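In order, the protein sequences belong to chains A and B.
Just add 162 to wherever you are in the first sequence, counting from 1, and you've got my numbering.
Just add 9 to wherever you are in the second sequence, counting from 1, and you've got my numbering.
Possibly wrong hints are sitting among the right ones.
Stated by the list, open to error - Now the in silico label distances, taken between C-beta atoms and shown as ranges: (1) A/ALA211 / B/GLY137: 46 to 54 Å; (2) A/GLY246 / B/GLU166: 33 to 41 Å; (3) A/ARG217 / B/GLY270: 36 to 44 Å.
As the list claims (entries may be wrong) - What the simulated footprint calls covered on chain B by chain A, stretch by stretch (three residues with Cβ under 8 Å from a Cβ of chain A suffice, anywhere in the stretch; the number is not a length): (4) 87-100; (5) 109-116; (6) 345-358.
These are computed hints drawn from the structure, not numbers from a lab.
None of the values given here were measured: they were computed from a predicted structure.
Beta carbons are placed, not taken as given, at the ideal position from N, Cα and C, and that holds for glycine.
Read off the chains here:
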Amino acid sequence: MKVRIPSPLVSYTEKREVEAEGRSLAELFADLDRRYPGLRFRVVDEQGALRPHMRVFVNGAQVRELGIELRPNDEVQFIQALSGG
Amino acid sequence: MKKSASRSKQSNGHGKSSSGPVALLVATRKGAFLLRSDQKRRGWRISQPIFLGHVVHHVVQDPREPRTLLVAARTGHLGPTIFRTHDSGKTWKEAKTPPAFPKAPEGKKGQVVDHTFWLTPGHASEKGTWYAGTSPQGLFRSEDGGETWTSVKGLNEHPEYSQWMGAVENGTPDGPKLHSVLVDPRDKQHIYVAMSSGGVFESKDAGATWAPLIKGLEVVEQFDATVLPYHDPHCMRFSGPNPDRLYQQNHCGIYRIDRPGETWTRIGKTMPKSIGDVGFSMTVHPRDADTIWVLPMDGSGVWPRTSPGGKPAVFISQNGGKSWKRQSKGMPKRNAWWTVKRQAMCSDGHDPVGLYFGTTSGEVWASRKEGARWKCIARHLPEIYAVEPAHSSR
């Protein structure tokens, strides 16, 4: 499926849009980490939770749980959410 | 008698005297910078930012392989990681498994590393070994030059961990942290760490078991000094040539301990009353166990943590804390409301010793003559978290 990458993670993927697979968000992150080593830990902590300032949207709807099911044609987007100087 | 550079030279220490250019590794809230001096440490040139925009808490050179540097970094959005270079910064690689707490059993809340705060190279005989201290308090070890990190279970998974460190929400404002990882140069198994909060701990078996070392340390008035989470050491150093002596800048004063003694002595009581002995940072003379420098801050009222009265000064003791002398020549005489954080003051191995500190307002100050005169060598940087010396890798 298509995954849109925010600028802080482009140093891993070298492009803003990549292809990855997974039947859940957790599996998608595992696949992304296989393709782009190190990416997952910057977004998902060691207890399996999304880091506080990252947002994930599936087909435009925000999700927080990594267990959510995904379908092959879903579109996933990561967004950075940070304020302050 | 005033101690001179020549007397320093005579002291027998492990620290070797050297001369020539110095490099400073400056970690800031928005990236790292490298400051290089000329041969006489008079002129300085600053690098372009390294990892611009990353929150960099510590940049440390490997004394066993001087072309190797480790960087503890995170960004506002992304989790913490470690970057490594083995060619003096020409190329960088990220750790494969950065410091991370073990995954908690199902149904239990596990700890999450917010950032790696402190890096310490391991013992000289253990090439590739490093220690990392994190926020919240955790100790991690790498045996492959920082590529993979494992949790030091003896501390991080100790059954009394929460009684030792307290709850994360009760920690210091930037997050509770483990810092000042000191490896005894005579014994790789002998390690000290300090924690804000949690106090000082010692291990004699490479981290398998730990014991607190807090006797004599004071805590905030009306609190019980036997309760570990009330202890807040800010910075702890071995004395330069003698690892049986440690100095400590604590939330509640300046201390010294001479091992195998078990009790810290508050040597900051001899500081001028108008200045007090509160601060974050301290550094030591590499060859003279009696000489240390501190940079006091205002700990009155609501704890401004700025230079007392807006008049910054370093204080030196040349007799193990029996007396102190103000060293502020070259610094602003007024209206300078600096804060210098715990990792942001250091010394080099030269004779006379060079001293350096970085401020939260982005200035780096240096003294070529053991604090006798100061000069601003960089300004307009982001908030400075750490300043460490580096030696030539050529």
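Violated constraints from the hint list, given by number and in increasing order | Structure breaks hints 1, 3 and 6.
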